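Asker: So you can see what is in the structure, the chains are spelled out below.
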Amino acid sequence: MTAPFGKVRFALAFLFVILAVNFMAAQAVRPGASNGNDPVPDDVTHSHKGNPNQTLPAVTGPVGQAVVTGNGINYHNGPVMKGTPNVYVIWYGNWNGTGSNTAATRGAIEHFFSTIGGSALELVNSTYGDTTGNVTGAVRFGGSTIVSSSSNLSDSSLQTTVSNALNSGALPRDSNGVYFVLTSSNINETSGFCTQYCGFHTRATLGGVDIKYAFVGNVDRCPSGCEIQSTGPNSPATNVGGIDGMANTISHELEEAISDPDLNAWFDSSGQENADKCNFNFGATSTCNANGLCTASGTSARARYNQTFGSHNYMLQQNWRNSGGGACAQHL
Amino acid sequence: MKRRVFLISTLAICTWGLLAAQTKKTARPAPSPAAQPTDPLQGSRKVITATRTVGAFWDLELSLAEAFSKKDTPGLNKLLAEEFKVWRPNQTGSAIGREDWLASGKGNPKPTRIVQMSVESYPDLAIVHFLGAVSASGSKGKARQFFVVDTWENHDGNWQLVTRYQAEIAPIIMPARPTGKE
Numbered sequence: 001m002t003a004p005f006g007k008v009r010f011a012l013a014f015l016f017v018i019l020a021v022n023f024m025a026a027q028a029v030r031p032g033a034s035n036g037n038d039p040v041p042d043d044v045t046h047s048h049k050g051n052p053n054q055t056l057p058a059v060t061g062p063v064g065q066a067v068v069t070g071n072g073i074n075y076h077n078g079p080v081m082k083g084t085p086n087v088y089v090i091w092y093g094n095w096n097g098t099g100s101n102t103a104a105t106r107g108a109i110e111h112f113f114s115t116i117g118g119s120a121l122e123l124v125n126s127t128y129g130d131t132t133g134n135v136t137g138a139v140r141f142g143g144s145t146i147v148s149s150s151s152n153l154s155d156s157s158l159q160t161t162v163s164n165a166l167n168s169g170a171l172p173r174d175s176n177g178v179y180f181v182l183t184s185s186n187i188n189e190t191s192g193f194c195t196q197y198c199g200f201h202t203r204a205t206l207g208g209v210d211i212k213y214a215f216v217g218n219v220d221r222c223p224s225g226c227e228i229q230s231t232g233p234n235s236p237a238t239n240v241g242g243i244d245g246m247a248n249t250i251s252h253e254l255e256e257a258i259s260d261p262d263l264n265a266w267f268d269s270s271g272q273e274n275a276d277k278c279n280f281n282f283g284a285t286s287t288c289n290a291n292g293l294c295t296a297s298g299t300s301a302r303a304r305y306n307q308t309f310g311s312h313n314y315m316l317q318q319n320w321r322n323s324g325g326g327a328c329a330q331h332l
Numbered sequence: 333m334k335r336r337v338f339l340i341s342t343l344a345i346c347t348w349g350l351l352a353a354q355t356k357k358t359a360r361p362a363p364s365p366a367a368q369p370t371d372p373l374q375g376s377r378k379v380i381t382a383t384r385t386v387g388a389f390w391d392l393e394l395s396l397a398e399a400f401s402k403k404d405t406p407g408l409n410k411l412l413a414e415e416f417k418v419w420r421p422n423q424t425g426s427a428i429g430r431e432d433w434l435a436s437g438k439g440n441p442k443p444t445r446i447v448q449m450s451v452e453s454y455p456d457l458a459i460v461h462f463l464g465a466v467s468a469s470g471s472k473g474k475a476r477q478f479f480v481v482d483t484w485e486n487h488d489g490n491w492q493l494v495t496r497y498q499a500e501i502a503p504i505i506m507p508a509r510p511t512g513k514e
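Protein chains in written order, with my numbering: chain E, 1 to 332; chain F, 333 to 514.
Some hints here could point you the wrong way.
FRET-style restraints, in silico, Cβ to Cβ [as the list claims (entries may be wrong)]: (1) E:ALA296 x F:PHE479: 46 to 54 Å; (2) E:ASN291 x F:GLU500: 38 to 46 Å; (3) F:TRP419 x E:SER168: 47 to 55 Å.
Calculated directly from the structure, the hints in this document are not laboratory data. The model shown is predicted, which means the values in this text are computed figures rather than measured ones. The C-beta atom is built at its ideal place from N, Cα and C for all residues, glycine as well.
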């Protein structure tokens with residue numbers, strides 16, 4: 001009589017253990033299971049110097065094949081942009097003016113967007129991933145539109161500008177896109193352009209789609225704050241460094257928008273994203289020479305550069321490499 | 333027969349459990365579709381690329397805070413102008429002079445943690461504002477926050493703090509950076 005009862009008891013205990021193991025396995029890969037709120041609250045602003053008040057400790061990321069941790073930057077369970085992210089540009093202000101506010105600058109920046117995909121610098125971003133895959137390093141320029149205006153922007157009107165471009169059909173509504181609002185130097189972004197920041201990236205749900213967008217102003221408005229050299233490798237004239245200064249900030253925002261598009265993926269304990277950790281850190285540089293990869297002004301001024309792609313030299317800050325212990329890197 | 337049924341059941345439960353775990357192993361989806369209007373008095377959440385000027389004065393402010401905490405007289409002499417004074421709300425409307433301020437203790441705290449810095453920069457003058465914090469001391473202490481405006485002057489290439497405007501504020505609850513745990 002006792003033997004069958006013992007078997008049943010053993011079977012029940014065995015079943016209980018298996019259920020417990022299964023339950024714990026499910027919890028371990030689903031750390032946010034207790035709450036289904038929107039993971040992106042309003043009004044998060046932080047600088048590259050970090051803000052411990054605004055960040056919470058990193059969780060131990062679900063270590064799947066795509067998520068690598070332990071390199072000085074932490075994974076917080078949000079998605080990265082995989083595949084080939086599309087970049088769209090809204091040219092805001094007066095881009096048919098003088099200095100660096102010209103059609104030539106528009107062409108140069110769009111060429112920059114068209115060729116940065118797969119570059120040595122962009123591939124540094126491929127060290128970041130989420131649990132379904134890694135950033136590829138590919139980028140595609142998806143098109144642009146012009147918004148002629150003399151009005152300054154605020155955070156609110158910036159979002160409206162992006163929204164209008166989508167609603168009018170000037171640009172497609174693309175959840176795998178990054179929309180850059182690039183302003184001419186007569187335009188201010190009143191929430192802190194030039195006094196606090198050179199650019200920023202953020203996201204909003206517009207028309208039911210998660211839209212990632214960035215602001216980068218023409219840094220000829222504040223060369224001492226946002227340019228590393230007054231005449232860069234792509235300057236159209238001496239002391240007109242806007243193209244190169246903007247290209248540098250653009251690359252910064254692009255790396256971050258791809259590796260932390262919803263502001264909940266990759267940043268360190270101080271709140272710094274990958275490019276923040278290397279802000280204005282350029283690494284080894286070379287001097288422009290007469291090989292056609294710099295403008296005549298850039299060559300004449302012996303401008304410095306550290307990246308070459310698309311038949312142009314650029315001076316671009318390094319990006320934080322999420323491998324080998326982590327470091328600012330120009331390439332993998 | 334019973335054993336076979338039991339083993340098959342166990343296998344099925346294991347498979348179901350592992351599959352359930354795998355399906356939850358995807359990255360979190362994009363945030364909810366509710367559009368959030370931007371409050372013009374609060375700005376919007378964003379991740380900024382700080383200016384070079386902010387970087388430079390951030391380092392100066394941290395050096396000053398460190399010199400305070402270490403009572404580093406040469407460091408303080410380098411960073412504080414002789415005519416340095418502090419304006420803060422008090423009963424008489426008087427400024428606090430350099431020596432009195434340095435000698436004062438807990439009643440006149442010197443913020444050591446800095447966030448939200450902005451710099452208005454001119455050739456020989458910079459106006460720097462930030463939120464400063466003093467950490468809680470002891471188990472009963474409370475962290476305190478201050479809104480600080482500093483004016484720095486460039487004396488022959490050496491930036492010195494000439495005036496500080498400091499007011500304690502009700503602690504601002506910083507919105508937490510999303511962690512994916514929400």
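Asker: Each of the hints needs a verdict: does it hold here or not?
Answerer: Okay, the hints, checked on the actual structure:
1. E:ALA296 x F:PHE479: 46 to 54 Å: Holds: the Cβ-Cβ distance is about 49 Å, inside 46 to 54 Å.
2. E:ASN291 x F:GLU500: 38 to 46 Å: 59 Å, violated
3. F:TRP419 x E:SER168: 47 to 55 Å: 50 Å, holds
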